[in-house]
Amino acid sequence: MPSSSLQISGLTKRYGDFVALAPTDLEVARGEFLTLLGPSGSGKTTLLSLIAGLATPDGGRLLIDGRDVTYGAPYERDIGMVFQNYALFPHMTVAENIAFPLKMRKVDAARARQQAMQALELVRLPHVAQRFPKELSGGQQQRIALARCLVYKPAIVLMDEPLGALDKKLRDQMQLEIKRIHRELGTTIVYVTHDQEEAMTMSDRICLMNQGRIEQLGTPSDLYFRPRTLFAADFLGESNLLEGTVQRIDGSEAEITLARDGSRAHAAVHAPLAAGSKVRVMVRPQNIAVRAEPAGVNALSGKVLDSMITGSLTKLYVSSPAAGAEPLVLCYPTSSGRAPYAIGDDITLHWNCADAVIVPEIA
Amino acid sequence: MSTARRPEWLRPAMMAAPLVLLFVVLLVYPVGQLLLMSVYSNGAFTLAKYRQLFASSVYVNVMLITLKISLWTTLLSVVAGYPVAYLIASLEKDRKARWAFWVLLSFWTSFLVRAFAWIVMLGRNGVVNQLVTALGLQDTPTNLLYSMGAVVVGMVHALMPLAVLTMLSVMENIDRNLPRAALTLGARPGTAFWRVYFPLSMPGVAAGALMVFVTAMGFFIVPQLLGGRKEIMITQLIIEQVQQMMNWGFAGSISVLMLVAVLAVFAVYDKVLGLSTMTGASARDRQRVASDGGLHRLGDAVLGALGTASDRVIALFPRRRSFHDAGTSLPMRSVALLVLFFLSVPALLMIPLSFGKSGLNWPPSGFTLQHYQNLIASPLWMSAVVRSLGIGLGAAVLAMAIGTPAAFLLVRGQMRGKSLMLAFVLSPIIIPRIIIAVGMFYFFAKVGLVGTPLGLAIGHTVIAVPYVVMTMMAVLRNYDTRLDLAAQSLGATPWQTLRHVTFPILGAGLMSSFLFAFATSFDELTIALFASGGLTSTLPKQFWDEVTLQISPVIAAVSTCLFAFVTVLIAAAEWLRRRGTPH
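Chains as they are written, first to last, in the working numbering: chain A, 222 to 584; chain B, -12 to 570.
Everything labelled a hint here was simulated from the structure, so no lab data went into it.
Careful, some of the hints might be misleading.
[Unchecked claim] For lysine-lysine, the following BS3-like pairs were computed, each having C-alpha atoms within a straight-line distance of at most 30 Å:
(1) A/Lys355 <-> B/Lys80
(2) B/Lys83 <-> A/Lys355
(3) A/Lys355 <-> B/Lys405
(4) A/Lys400 <-> A/Lys374
My request is simple: use the sequences and hints to build the entire structure.
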């Protein structure tokens, strides 16, 4: 048995002149949870449709479980798909919906019933078997759609923004539920979302997409702490991006002159880099500390613009000559006492060299 | 402004009052009179008329023939219309509008024009005979007219657009992802269609069948023009009783019979599917009753077998590479095209004939404007045009004025008995037109409105109001009432809100509903058949008198003009619709 559930090489899709998906390579390991993340129009849904067989590629190859199904029909692919609006059949009961794929596979009725009940127990809804989909809540419909996919144990389960229609609390709950089921069954899941937080929470790996191509592929922490492009740095979580030029490289560290005020900064190097190239220094808000003493290396002076409690974190917006018009943002855990900084205070910001990441200006 | 608080029931009562008044005077009272006349003779109760009705096999036969023609018409319209509706429902927005245009064109082209087109097409020297002879299938032209076949073809042609549009409204609400979901779950295309799409489209099929069947039961234009002695339908009988025998009581008893039949069909439909599906509410709101009954298992087996059979057939065709437009395959498209061809061609063929020198023989030869000149020179035709335009405008204005408040009330009002009110509003569509027409004729005769434009205009208003209410209700349901609240929170009075916010936004909807009402009156024949004549004829009545008298090329010229007029109307409505919805 091949070790990867899905192998894609050079897969392309065009609509007229518009390139929906530039030639793309991707491999998904057995049992992996891979998320296709990106803004709308980035090609993530196109890629999912190509994997499902609901769209036909203009080139490339697509293997599911080692079998070439590039031009195969959806029903020949051994996939399961959870649609955005669930696509439960309104004229069938929950039990009939779940038994549908088994019926298509000519499983005899008694066994199909039994397996459908097992799938319902897996999603913890055995009591709704005889109801119709519209009698269920959004979260319940979502679980039934999942059960309908899992019941026939396809090689891959595809999920197209499955939690998009649910409210925040239910979404968090369903994320845990899907994770649990993924852990229990070891199913390979390819998941599409535009919500970066959801992608970070759930995925083994994230495939970040932009303008019809893969921007970066890696673990959530790879993408968060070591973004390779400006787009990746900007799309995943909040970040401060300071323009600058590389002065010299010293092993895994580089020295940068910031463009706005000429101050020096040190940052970790994760990718090959040449001296003199234009870069951005990225620092995450939670990695910036406030210090009383005056500036040194990796330190900027600034003035507090605004301070707000967002819940567990308090955010501080700071204007600094090094950052230009955009304010810098930093955050620290909220505590009950009086706010330590007032609007208008002059402060010095500091960060560790290891927390600063160099992102090339042009990919 | 008065500070005294008006009672709460006053406003809804005032909004409903004009409609109720109109219907009571021109619908309930006259129809009631007619029905009563069937059981009263000289002030005494009697069933003599009904005994007469069932005594002779003639009338029973006519009823059986009516039933037979209606059933065939319904069956053929639904079966042939289904692929068209299916195809249009599956298309993207722009292409959908282009295909739907042909259905709408056919739908709005007068029944008279279309029936006349079939007379010409099926005639001894018509297109069909010429074609069959040219193909070598017959040596000499045969008589195709005045037969059962001609009537059924004409009826199907007349009523299929109604079936298509009714089915389409249901199919458009079927989530396109459902058949695709079935594919990903392992169903082949044929199985996905029969097990998922088809059951979901059934309410549309049922509603379409109901509309066609009920309309067919009351039809007289096609059987009168295309049928022979053996294809007389029940409505023709009523007309004959009223126009030639002046036997109101007997006409009333036939009407009762017809009404009972129609209401029985509606009752059965309501029992099985619910009438709410007719006004656009989703059929999915209803529960399936016995999910494990024998009928259910039988249906399941049949759909399964149909699915497997279709998949075998599909497998014979070369494999297509694209599945995301599953269902709009080449065979499907060809069938739909063929049906649309059947719907559109007859009226289109009138155009070359109206300019030809060869009369109504196919193929036309030469070019002449003679028929159009004759038309313009005829005071009968010209006065009919002017009268129809005037009556149409009058009826449309009246119907809007009466129907719009009622629609507001039905959508926005919070009151009990809404569904009853809706049924009352829709009753002029449910009650066969001929019964309304005869009742009105009787009433007009008593108050001296026969032959007057006023009588016709208010008569047509009764017919047009339900359409106005239905379209306005659809428009109002899509209107965000928070806009009104926003306007009022900004200081606008209810009237200012209506004038500056509500009406400007609803403008397009109002206009298309106005066009709907106008077209309904402009094409109305049944009421005009009794309530006008000679120099007081409307255009359809003039058309009818001419076409029953003799078939002349001038009628082809009239048909062409009407066809062009309808095309312009549809284009205008479509333009309004596009303007009304952003994107």
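Hint check:
Between A/Lys355 and B/Lys80 the alpha-carbon distance is near 27 Å, which keeps this suggested pair within the 30 Å criterion. For the given pair, B/Lys83 sits about 29 Å from A/Lys355 by alpha-carbon distance, which is consistent with the 30 Å threshold. Taken as a hint, the A/Lys355 and B/Lys405 pair is honoured in the structure, with Cα atoms around 25 Å apart against an allowance of 30 Å. For the hint linking A/Lys400 to A/Lys374, the alpha-carbon distance of about 16 Å falls within 30 Å, and the restraint holds.
Hint compliance for this structure: no hint is broken.
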